[in-house]
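Number of protein chains: 2
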Amino acid sequence: MKKMNLFRFVAVAMCLLSFIPARSQQPEEATVIRNIFNEALTSYEAYHNLEKLCKTTAGRICGRPEAAEAVELTRQIMIGMHLDSVWLQPVMVKSWDRGEKEIARIVSGKFGTVAVPSCALGWAIGTGDPGLSARVVEVKSLQELKAKPRSEIEGRIVFFNQPMKQTNLGTFTSYGEAVWQRTSGPAEAGKLGAIGCVIRSMSIEIDDFPHTGITHYEDAVKPIPAIAISTKAAEILSSWLAVDKDLNFYFRTTCLAGPDVPSFNVIGELRGSESPNEIITVGGHLDAWDIAQGAHDDGGGCIQSIEVLRLFQKNGIRPKHTVRAVMFMDEEVAQRGGQQYASEASAKKEKQIAALESDRGVFQPKAMAVTGNAEQMKKYATWQPLFDPYDIKLISGGGGADVGPLKKFYPDILFMGIIPEDQRYFKLHHATTDTFDQVDRREMQMGAAGMATLIYLYDKFGL
Amino acid sequence: MKKMNLFRFVAVAMCLLSFIPARSQQPEEATVIRNIFNEALTSYEAYHNLEKLCKTTAGRICGRPEAAEAVELTRQIMIGMHLDSVWLQPVMVKSWDRGEKEIARIVSGKFGTVAVPSCALGWAIGTGDPGLSARVVEVKSLQELKAKPRSEIEGRIVFFNQPMKQTNLGTFTSYGEAVWQRTSGPAEAGKLGAIGCVIRSMSIEIDDFPHTGITHYEDAVKPIPAIAISTKAAEILSSWLAVDKDLNFYFRTTCLAGPDVPSFNVIGELRGSESPNEIITVGGHLDAWDIAQGAHDDGGGCIQSIEVLRLFQKNGIRPKHTVRAVMFMDEEVAQRGGQQYASEASAKKEKQIAALESDRGVFQPKAMAVTGNAEQMKKYATWQPLFDPYDIKLISGGGGADVGPLKKFYPDILFMGIIPEDQRYFKLHHATTDTFDQVDRREMQMGAAGMATLIYLYDKFGL
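In the order they appear, the protein sequences are chains B and Y.
Using my numbering, the letters of the first sequence map in sequence onto residues 1 to 463.
Using my numbering, the letters of the second sequence map in sequence onto residues 1 to 463.
Chain B with its partners taken away, still in its complex shape (with noise of 0.2 Å):
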């Protein structure tokens, strides 16, 4: 090189570099993370995984056998990875059988009789046999109920029709809006003397499925019979409803509450290089609705935590905090895997530093989400730049329903969350229709990067 060429070249080199951010991680932590990506969009590993989840533990809903299965089968691909450490940890669950497939139909004297896709609520108590059969009252609103004499309701059945509202550009809104009615409308129908409750599918879209979940009953109230009927079906039982008034509803489920049963928080951990004590959560829950294969709710975000260990391995990143990968055990009845999880965490006296849960489908990422301070966010937006080539948005947010119980005893604990596209979740959430054939590798894996990516800037950096 001759001598003006290299003066030329320190001199443009200099002027490319005033260009970088004083305080950028350009290029290690960019090229690291790169490679995450690169190494997540080219393996099948998770993906295969995801499909054996879902397609040998269909139906695993706490309690039961597919459960138990789930808890083995994640064990071993855990321990299949060499990680530094593989546990089951106890919880004691509750168990609950859907029984016999439920029968529901509409009895019209007007139009004739038809049967409607139907499923229990979880949790809920069984008609037994012969089945139940009344006149209905149609609310869509909790005050459209109360305002009504006792009189219209007591011996009815209440059925609950407060469509999802489509017009929400975020769906998980419209959920937040509508789900009163499964997980409390039946106690609120009973409170008033109806004696069944038949809830419109928490789905965006109008079709035959139903769709479950779990109903909670009040002590104080008598449990009456629930279930929920595909959002179609509602719109014939409200249709027939506005011109015959006497029609009447059946229905017949057998499902029956069990005892507490033993059960399984599964975790994997890499150990931390200069602070093992100090704890990297990530996780999803690996209990499903026993009508569904649970694959974006949550095998998908189970799997993806995996994911995340296998990342930093495969790219030899050796974190200073440990990162734990974590399949909470019922999420979807009563939280009991995240709370033992909280509370064993504290009685062991583990530092508990971050907590990242992903338990929003396994779509395409649109952000990576932080819960911190002005200054911790602050920082953190400062990582936006690695995350641009991903198209990753940095917002605040995060948390959920398993790592929550952690800030009881971590009050200074750090949320994060991943947010993916949403419009596709809620037509198979808590449906049959929730199945391994809807979850594309590659959007699941950018995911597992855009986590794997975050904890390794946090794990390096700290906020």
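None of these hints come from the bench; they were simulated from the model.
Among these hints, one or two may not hold up.
When chains are identical, the list treats them as one kind, so a pair holds in a single copy or across two.
[What the hints assert, rightly or not] The calculated DSS-like cross-link candidates involving lysine-lysine, where the alpha carbons are at most 25 Å apart (straight line), are:
{"#": "1", "residue 1": "K393", "residue 2": "K366"}
{"#": "2", "residue 1": "K366", "residue 2": "K165"}
{"#": "3", "residue 1": "K232", "residue 2": "K55"}
{"#": "4", "residue 1": "K379", "residue 2": "K146"}
{"#": "5", "residue 1": "K314", "residue 2": "K165"}
Once you've looked at the hints, dock chain Y against the given chain B.
Positioned in the frame of chain B, the structure of chain Y alone reads:
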């Protein structure tokens, strides 16, 4: 309202107003756009029409009876909408018949014989009975092929095996890098005396589905039979070849090109209230590969284009310029529909001012694109706040194979485009997996609403 309060109210209002850009189109346009999205998100009309198109006219490659059925179906859909005009534009298209189901197998003395999933490339010649068998030369680049002595190629089958790069974040880039194998691989192999050609399918995934697509022979080169095999089969063939150079590949195809046959572009329009002879074209291509339902490629783009008109109608938007939805025939083979549309527009002295093509799948829209000069792009950027609520970026780009020919006659035409998420596209592109059930209604409708919004703003304010 007390005086003091009124004063404070005005002060606060003025303060707030000072943050609104001087030339903001808020709030009237924002309300219209919100209504466009609301209507899109709550309607099932386009979705049901796409289902009908996919399920009753699957395999509608140009020249086939299914294509004629698709012409009639979309014509009827637009007639049912009471547009200002609906008509068919005749165009002569090529015809080709795949013939009997393809047979392909690897025959190795060392590993045995295995049948592999395959399909003939579009417009390839067939092997005829009894098929073709030869030793295999694997190459991963054109350079590699050309560097080989003719003696190594002559009488052999050339196997093009350059994978679509999974680490690209945009999968269209990967397609662009690899698709030469399909389009010109057989011609290049033929030049060197190969007797057949096997192509690794243009799939971003390692799976069992062969992907078809057009291949272009060259006039001076004797055409040779050519098939695509699944990516998984390509991996097997490659790994066997590494050990057994003498293995044979056998395939049998009976495909046959036919004469040109008459077909149509299907066109419907809303006439402009002020400048009816100035036309904004929005379209997709109606033809789809013969092995696919063509849901994402490009039935969805056609139906979105019709939906733009419906969203205008439903929201009482009377465009100043004519807005025309065009279902182009024959994008996949020779783009005859696009050429016919452009030359006829010119012959009729229409003034084509803008054209938006949707042909990248109907996934969640990420961006709307425009190709304009600096001044146009500057004005366009001022519309970004109107798209922000829908998480749609305004970027440069647009155009496409069908609207492209307009440029020849209208050098100043403004090309627009829609850029959806693309992680899922290339596992179904040109394959049997491109089915209606892979389309999410909300995602498709968000795209249609984004298209309608861009056209609405352009029609109202120009660029």
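Status of the hints after comparison with the structure:
no. : hint        : verdict
1   : K393 - K366 : both (6 Å within a copy, 13 Å between copies)
2   : K366 - K165 : both (22 Å within a copy, 22 Å between copies)
3   : K232 - K55  : between (28 Å within a copy, 22 Å between copies)
4   : K379 - K146 : neither (49 Å within a copy, 53 Å between copies)
5   : K314 - K165 : between (43 Å within a copy, 20 Å between copies)
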